[in-house]
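Student: Chains as they are written, first to last, in the numbering used here: chain Z, 1034 to 1336; chain S, 315 to 640; chain A, 8 to 342.
Have a look at the derived ranges for each label pair, beta carbon to beta carbon:
#: 1; chain 1: A; residue 1: Thr289; chain 2: S; residue 2: Leu340; range: 57 to 67 Å
#: 2; chain 1: S; residue 1: Lys547; chain 2: Z; residue 2: Ile1088; range: 51 to 61 Å
#: 3; chain 1: A; residue 1: Ser78; chain 2: Z; residue 2: Phe1228; range: 47 to 57 Å
#: 4; chain 1: A; residue 1: Leu291; chain 2: S; residue 2: Ile531; range: 24 to 34 Å
#: 5; chain 1: Z; residue 1: Leu1091; chain 2: S; residue 2: Val630; range: 53 to 63 Å
#: 6; chain 1: A; residue 1: Thr289; chain 2: S; residue 2: Trp458; range: 27 to 37 Å
#: 7; chain 1: Z; residue 1: Ala1060; chain 2: A; residue 2: Thr198; range: 44 to 54 Å
#: 8; chain 1: S; residue 1: Ala626; chain 2: A; residue 2: Lys279; range: 53 to 63 Å
#: 9; chain 1: A; residue 1: Lys44; chain 2: S; residue 2: Glu546; range: 25 to 35 Å
#: 10; chain 1: A; residue 1: Lys208; chain 2: S; residue 2: Ile531; range: 28 to 38 Å
#: 11; chain 1: S; residue 1: Leu430; chain 2: A; residue 2: Asp196; range: 53 to 63 Å
It should be emphasised that the hints constitute simulated quantities derived from the structure, not laboratory data. Ideal placement from N, C-alpha and C gives every residue a C-beta, glycine not left out.
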Amino acid sequence: MSAKQASPKPNQPVSKKTNNRNRSQFAEIMRNLKRNKGAVIGICIIALIVVLTVITNLTVDYNEKIIRQVASERLQKPSTEHPFGTDQYGRDIFLRVLYGGRYSLLVGIVAVMVSLSIGGVLGIIAGYFGGLTESIIMRTCDIFSSIPSMLLAICISTAFGANIFILMISVGVVTVPAFARVARASVMTVRDQEFIEAARAIGASRFSIMFTHILPNSLAPIIVQVTMRVGSAIITAASLSFLGLGVPAPAPEWGAMLSEGRSFIRNYSYMTMFPGLAIVLTVLSINLIGDGLRDAMDPKLKR
Amino acid sequence: MHSGPLDLCPSLNPGGSMHKYIISRLLSLIPVILAVSFIVFFIVDLAPGDVVDIIAGTEVSVADKAVMREEMGLNKPLLVRYFRYMGGMLRGDMGISYVTNKNVFDIYMSRLPATLLLASVGTIVALAIAIPLGITAAVHQNTWLDSSSMVIGLLGLSIPTFWLGLMLIIVFSLKLGLFPSIGNQTLLSIVLPAITVGSGQAALTMRTTRSSMLEVIRQDYLSTARAKGVPEKVVIRKHAFKNALIPILTVIGTQFGVALGGAVMTETVFAWPGVGRLLVDSISNRDTLMVTGSIILTTILSSIVMLLIDIAYAFVDPRIKARYVK
Amino acid sequence: MDMSLDIILNVKNLVVHYETESGTVEAVGGIDIALKKKHALGLVGETGAGKTTTARALLRLIPDPPGVVKSGVIELDGDDILKKSVRELETIRGKDISMIFQDPMTALNPVFTVGEQIAESIRLHESVSNKEAYERAKKMLELVGIPGFRAVEYPHQFSGGMKQRVVIAIALACHTKLLIADEPTTALDVTIQAQVLELMKRLKNEYETAMIMITHDLGIVADMCDEVAVMYAGRIIEKGTLEDVFNHTRHPYTEGLFNSLPNIEDRKAKLKPIPGLMPDPTALPEGCAFSPRCPYAKELCGKKRPQPRWISDTHMVECLRYEEPVFRIVREDIN
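Throw the hints in and build the complete structure from the sequences for me.
Tutor: Below, the structure is given as structure tokens:
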């Protein structure tokens, strides 16, 4: 092969082989994942929760069923008519819990996406360029993460008000350092491998190297972080709502429902049980999937 | 456990390398504190409305409010106000809580012991559960002991602290009447809150202990120890565990920070009179100065704990100390 | 045999399997060793031949799942190690039989001082006070050429060669009867190698320790050992005195090993590696394991497993072709 034929133009993916390898890696990871009993259970549960939430949100009328107060049906214990009972305004808790899944799921996913985009990009830049850029980015992250995450989220939410968008942002901001760190570490591992040097030697530009080579190979730990963080994002969001700093009443957010139920804990304990169980099930299933993914991607850790 | 005579405290050797290490770590804390307080100050400052709006209420005219602001120095640029605030902090003056008309710093300090007590007992509970469980899971990897520990750990990570607290109250306080659910009057009052705080920490600590031990268990120096005739129990307890300690210490440190933050939730649920509940009450009362002060002071506390952990590292792993004291 | 009084290690028909999910690996397929006191045996072979497994089996340090000692007798000074309880083994390890592992960089515990690591061995096996154990540890350091005052230092403060000396100090601290050295110098620079080997020779003579030197380097064997055993695919295919194996080589594999050494006198000559690879241990051939690669192999070699054949009192070969009276390999005897 002559030299002209051998060198591809810059800005093109240097080799299609990377993509093929990623595809078969992906298949293998999926296979490993299916074998993990916990992950399978987790997928089933979260799928069920998502389906129920979506159906409830699409079919049930918010004003009629979710927030309308029916004095005659106040504070009824769980029964066939109201499987989870009713709250102090006569609202059916079962429907509220199912409907309220939207807040937790939405906030969890969006917050983590926010974290991932900001933190991930920062981390990749820090990892790849090193030097002063890396120092500045990482030191800033260290400083942010020395504030206990709950306090930082409370601070942001207090300052900007209690609504779902601020909630997403504050939960997201709190997790940015973690993603930056993981992304940077991942990039640093890949950066020093020889195929990167080879790509540079044939003239690929720095950006094309970053995105076509480094990014796909650094993904595994990042993906694991994403799944782990969705769970904690949901819990943080529920905690903030519990304190009155998240999604405001009368929305049936699970944390907010727990806060309301707390006043009635003595005689109507069911009000605090069900929304909490919903949180636990949702987060547990996501964590199971996250654990399974981590084991599937790095079998060394398991054995 | 035993060591050679000079091994117990190599740091006490002449040279005092330990002192240098501690001082260098303390110094590195200062810029962090400055930066953190700036961030908190800045965020709170961004919020619409300020102290004047709260104090003055709606009856006072806009013009009068402007005068008040001028008097209180609220019109000065951000940095100036920030440095005045920091200067005040060094003197122990972080403003007056408009609710109680007392010094913010003093109020915080008076509530701090309750939180420290809760966090400490909670951490002890967490360690007592997490470390033995984690070691057992690692040593018996892939058996039912391991799998069940992992499941328990995962469950622990999935349960919100405040909900656990509520459930504990329902079962042990209301139904069984064993422990009080509010306040800290009796000795028993600390049981439920401590278990709540501890369980949250235990999950992550257990998982870290397990994975750290798994790493160490595969190391060659354990083979050397066995080849020497060291009994297996001692191999695990002495040779393996000390090496596994470093990541575990990190987790304990970060978990303390989480505990301090989570104390907010636990203290709210159990009406525990600590700084967490102080923060929540201040938020409801729109007591801005108290909020800012609480968050900054708690962060400083958390950083000091991390510093203590860093120092503990140097005792455990001689390589780390060597890196800092060149 | 009257020689039995002289023999420190007697291994008969040792078989070790690794039972994994993907199949059973016959790591060691029936070997015999008779090592005389104060003698050094060189255990030679390529990676995967079963040398390390044999060494670990002697200390019963094979991880129990998946490793299993299927059969055999290991007698150390008359005592069968395979029959001993764990507690008894702990008494023997480090005291009667010691092992030096391959990689000095990872063999020492990073969080304990070197003095402490040596002293621990002494404290375990001899009833002396902590202080005395530590003093003896310092003396051991001196013995291996490291100043005693460095006993308070940590492994990361030592170079590779010095770390290996510390490992040797640990192994010999209790005047062990048998020292097993698993490729002790492979991870070291050549110049350091020479120093460490010198040290081992000196100590071996001073302490009158028997030694098994596991290596793939024939030069080390020539320098250090009295006897040689060549392993291939889990079996000893040739063994004898140094003179027997080096100067009167019989097995085609051993010949191949010698041939693959570069000839310093004929620099232009091509290198002669042994063609092919060692067989997959989960699927060993029916007959002689070396037959697929053997230049002398006949059809029978692939079908029938060779048995040990004694050519002299000391020299054993496992090769079917020696059943023919006039068979000779190319490599000539050096007298």
